[in-house]
Amino acid sequence: MRHPTPGDGPHRSRTVPAEPAPPASPVADARLQSTGLLPPPLGTPIAVAYRSIIAHRNRAFDRRERVTQLSVPVISVGNLSVGGTGKTPMVMELVRWLRDSGHTPVVSMRGYRPAGLGSEQSSDEYAEYRLQFPDLPVVVSADRASALRDYLSKPNVAPGTVVVLDDGFQHRFVARDLDMVLIDALRDPLRDRCLPAGWLREPVQSLGRAGAIVLTRTDLVDPSCAARLESSLRNFARPETVFAHARHAWSSLDVHIGEAATGESTAWLARRPVVVACAIGNPHAFIAQVRAAGATIIRTIIRRDHHAWKPRDMDQLASLVRAEPVDGVVTTCKDWVKLSGVPRRPASIPFIVPRVRIEFTRGLPQLREAVLKAAVGHGPAEARRA
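Position 115 of the sequence shown, counting from 1, maps to 118 under the numbering used here, and the rest follow consecutively.
There's no promise every hint is true.
Between beta-carbon pairs, the in silico distance windows are [stated by the list, open to error]:
#1 S268 - G344: 22 to 30 Å
#2 R274 - R307: 28 to 36 Å
#3 D225 - G344: 39 to 47 Å
#4 E372 - S351: 47 to 55 Å
#5 A350 - V70: 18 to 26 Å
#6 L41 - A263: 45 to 53 Å
#7 R347 - S156: 39 to 47 Å
#8 P349 - R69: 45 to 53 Å
#9 G261 - P137: 18 to 26 Å
To be clear, the hints were calculated from the coordinates, so they are not data collected in a lab. Model, not experiment: these values are computed from the prediction. Using N, Cα and C, we set each Cβ at its ideal position, and we do this for glycine too.
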């Protein structure tokens with residue numbers, strides 16, 4: 004490995020029920036679509052049963068069975084599919100909006116943690132929130148309704164004025180004032196099927212519950228494709244549902260070498276040879292952003308979403324960096340919070356971590372208005388108590 008210096012030249016890159024058939028997709032690039040967890044002969048009949056269970060469950064929630072009404076308004080950010088659509092960056096953006104408007108947001112999350120980590124607070128998303136907002140109340144529990152009731156009733160904590168559910172569209176045990184659903188423009192739900200034949204947690208018809216639908220990563224598809232996707236999704240949404248388009252923008256880079264860290268502009272990556280390492284729901288989108296920043300990708304190391312990076316992973320990274328003329332390892336903030344604590348991390352390997360912000364290209368005023376209106380709620384707190 005060589006130490007990165009400004010102005011280095013480029014290096015050569017190397018490759019490393021019977022469910023109805025989904026309608027034709029308006030998104031041109033279908034390369035990121037997947038056949039699902041199981042092949043069609045096995046996945047399709049199981050998906051029929053899965054859809055039936057989901058429909059029964061949703062009918063019960065529609066009757067408000069086992070639904071808790073909290074004493075403060077609730078905004079949910081979720082998606083239809085397994086994998087990353089940008090929920091955590093979106094929740095962070097909502098936290099900024101709410102704080103700027105005088106609200107005190109409390110984030111609620113399930114706290115998915117990789118095997119081997121001992122507490123729910125060890126989850127990668129929790130660590131991201133702590134990194135970005137050290138003073139943000141984050142309630143972590145699989146039983147969100149009980150945990151939120153307990154938190155909001157404690158006299159010795161700063162009271163929250165609004166709850167934001169991270170990954171809450173399917174978690175309907177908590178009543179909400181706004182359901183925001185994120186759709187990755189690279190992974191068209193109209194081409195997908197329900198688990199395990201595809202990757203949908205719910206059929207597209209469930210978008211009828213959404214008060215806002217945000218197409219993310221729209222900068223990575225042709226604008227006409229994003230427009231056609233929105234038009235198709237409107238067939239499943241309510242007339243008043245707010246639509247917005249967004250992209251994952253890199254505001255800057257954090258370059259970590261040993262225990263030291265420096266900030267760099269995104270232009271710092273241009274023409275630099277790098278290794279990409281990530282364990283996220285949609286690694287293809289992240290790789291595309293690294294390329295869009297002008298970096299030359301020599302190798303990629305992709306692990307399953309929420310992978311707990313281990314010393315043997317670090318050994319593999321160190322071996323690659325020693326063998327190749329690269330300037331470092333580009334990874335996500337979600338991965339860095341775990342990689343930074345892995346033993347045997349060589350002090351000489353630069354880890355390049357983009358700072359991500361959600362940037363809206365369409366529908367921002369309407370979406371912000373919907374969020375702030377929901378944060379006010381529908382009546383006094385006393386009337387909202389379960």
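What are the numbers of the hints that this structure violates, sorted from low to high? 5
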